[in-house]
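Asks: Here's the letter readout for the chains.
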Amino acid sequence: MRLTRRLLDGATPRALWALLALLVVLLVAPALLGTYALSVLILILYFAYVGQAWNIMMGFAGQLSLGHALYAGLGGYIAAGLYFHYGIGPWAGVFAGVAAAALAGAIVGYLGFRFSLAGVYFALLTIAFSEFTRLAFDNWEWAGGSGGLFLKVERGEFNPLNLRGGPFLFYYLILALAVFAFILCRFLLESRIGRYWLAIREDAEAAQASGVPVFRCKMIAVTISATLTALAGVWSAFYYNNLFPGTAFSMERSIELTLAPIIGGLGTLFGPIAGAFVLTGLGEVFTSLTEHLQISGLKQIFYGLALLIIVMYRPAGIWPWIARRLGFEERRP
Amino acid sequence: MARVHAALAAVAIAGLLWLFFRHTRTGKSIRAAADNHMGALVVGLDVRRLYAFTFGVGAACVGAAGALMITLVPVNPFLAAEYTLLAFVIVIVGGLGSMTGALLGGLLIGVSEAVAGLLLQPSLKSMFSFGLLILVLLLRPQGLFGGKSGT
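Taken in order, these protein sequences are the chains called D and A. First residue of the first sequence? That's 19 in this note's numbering, and the numbers climb one at a time after it. First residue of the second sequence? That's 14 in this note's numbering, and the numbers climb one at a time after it.
Where hints are given, some of them may not hold.
Said to hold, decoys possible - Beta-carbon label-pair distances, calculated as ranges: (1) I83(A) with L202(D): 46 to 52 Å; (2) F233(D) with P135(A): 49 to 55 Å; (3) L151(A) with Y331(D): 35 to 41 Å; (4) P135(A) with A117(D): 32 to 38 Å; (5) R61(A) with A39(D): 42 to 48 Å; (6) H18(A) with F233(D): 50 to 56 Å; (7) A55(D) with A27(A): 50 to 56 Å; (8) G71(A) with G264(D): 26 to 32 Å; (9) A27(A) with A47(D): 56 to 62 Å; (10) A29(D) with I26(A): 55 to 61 Å; (11) G264(D) with H18(A): 28 to 34 Å; (12) G144(A) with L121(D): 15 to 21 Å; (13) G71(A) with Y331(D): 38 to 44 Å; (14) L316(D) with A22(A): 32 to 38 Å.
Just so you know, the hints here were simulated from the structure itself, not pulled from any lab data. Glycine residues also receive a C-beta, built at the ideal position from the N, C-alpha and C atoms.
I would like the entire structure built from these sequences, with the hints used as guidance.
Replies: Structure, rendered in structure tokens:
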């Protein structure tokens, strides 16, 4: 009871009802949607989930990471590799993958925070580690090298124990992950560590001076964030059935993971979700539009322009603005 | 010959840039704004305009680099990320804000990649640069040739 009270405290009834309605809609959506719409919804939930994970580091603790592909890639590669080579199912392999990613996150965090790298310098360190790993995987035979790692796909196979199945399985998995991450983030924000993170984000020196264990809090942030991201990596490895170092660890992937929270609203709980809906929605609209007009390449231009306009006119993200409009703002004592 | 021309042109452009930053009023203003934002505002520099101008100069230089490079490497629309990253690595290794640093850092990264490609596998050469970058970030975040701490 204390837990639920802590989770619900301060949220307006209207916001809670809206959340519940959204959850119900998402739960029944697969029964109503076609294959294409379902794949778009899967993509939205995926970006909402990884955005939530990245938001813990940047939005809450204020540490800019541009190398999150490292954690997703590690998680995915290790779980997929164990399954591919030794037949170890993903439900066991996920532990190895997540452990490796959490360790990688802890190493990057330890080096960055111990040597007090901040801002761009820390971001560059995360990029350097991600690129370093990409090149290592490019040359690692076990992981398939630059040729990539492919999981066998058999039509109509349904085996949740090995994460083999159609879009329904992956839809409900990513939905569960997204809901879990949302509740976890709410819980973290409402607990002591969350307040510490916000203090560090606003002014690390002042936080340190008032007794906040800055180094430990940052380490917790990077480890949790890496863990959650690695789960998404495992999920996407088994959803797409292929992995290439050039995409799994690329900077494009890292940046992709940051877009939803930036567009939706850094440091807000619902920002990554709202951002994922807008981003993926825009992407799909522009894709069908350019297909209709038959001008290839126009999609990227439209997409880039749309992002530019959102960032220029809503630099704090779209969610705070929408929340104000809809009366979802939290009561703050 | 194309390589020699490109190298000479690169050195010439770097020299012009150096002259611009040392001896023109705008160049000096830009350095002042980078060194102390508030101070530059106080002495009446239009910092926002200077930033925009600097962005333009930077883009022009990279454009020149691209024009010199197409005679040497195959070009495709997805080159951007690789070279953005490479430029970033060079500047950080050399020292943010130091022109000699950028030049020598570029030389260092270029030569070390070539040597690493020769001694190890060619596909591993960039790993060397990123290893170097990690070491520099941790041990000398102001860069190898940077004066004061960048943070």
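Asks: Take the hints in turn and mark each one as holding or not.
Replies: To see whether the hints hold, each was checked on the structure:
{"no.": "1", "hint": "I83(A) with L202(D): 46 to 52 Å", "in the structure": "holds, 49 Å"}
{"no.": "2", "hint": "F233(D) with P135(A): 49 to 55 Å", "in the structure": "violated, 40 Å"}
{"no.": "3", "hint": "L151(A) with Y331(D): 35 to 41 Å", "in the structure": "holds, 39 Å"}
{"no.": "4", "hint": "P135(A) with A117(D): 32 to 38 Å", "in the structure": "holds, 33 Å"}
{"no.": "5", "hint": "R61(A) with A39(D): 42 to 48 Å", "in the structure": "holds, 46 Å"}
{"no.": "6", "hint": "H18(A) with F233(D): 50 to 56 Å", "in the structure": "holds, 52 Å"}
{"no.": "7", "hint": "A55(D) with A27(A): 50 to 56 Å", "in the structure": "holds, 54 Å"}
{"no.": "8", "hint": "G71(A) with G264(D): 26 to 32 Å", "in the structure": "holds, 28 Å"}
{"no.": "9", "hint": "A27(A) with A47(D): 56 to 62 Å", "in the structure": "holds, 58 Å"}
{"no.": "10", "hint": "A29(D) with I26(A): 55 to 61 Å", "in the structure": "holds, 58 Å"}
{"no.": "11", "hint": "G264(D) with H18(A): 28 to 34 Å", "in the structure": "holds, 32 Å"}
{"no.": "12", "hint": "G144(A) with L121(D): 15 to 21 Å", "in the structure": "holds, 19 Å"}
{"no.": "13", "hint": "G71(A) with Y331(D): 38 to 44 Å", "in the structure": "violated, 26 Å"}
{"no.": "14", "hint": "L316(D) with A22(A): 32 to 38 Å", "in the structure": "holds, 35 Å"}
In summary, the structure is inconsistent with hints 2 and 13 from the numbered list given earlier, while agreeing with the others.
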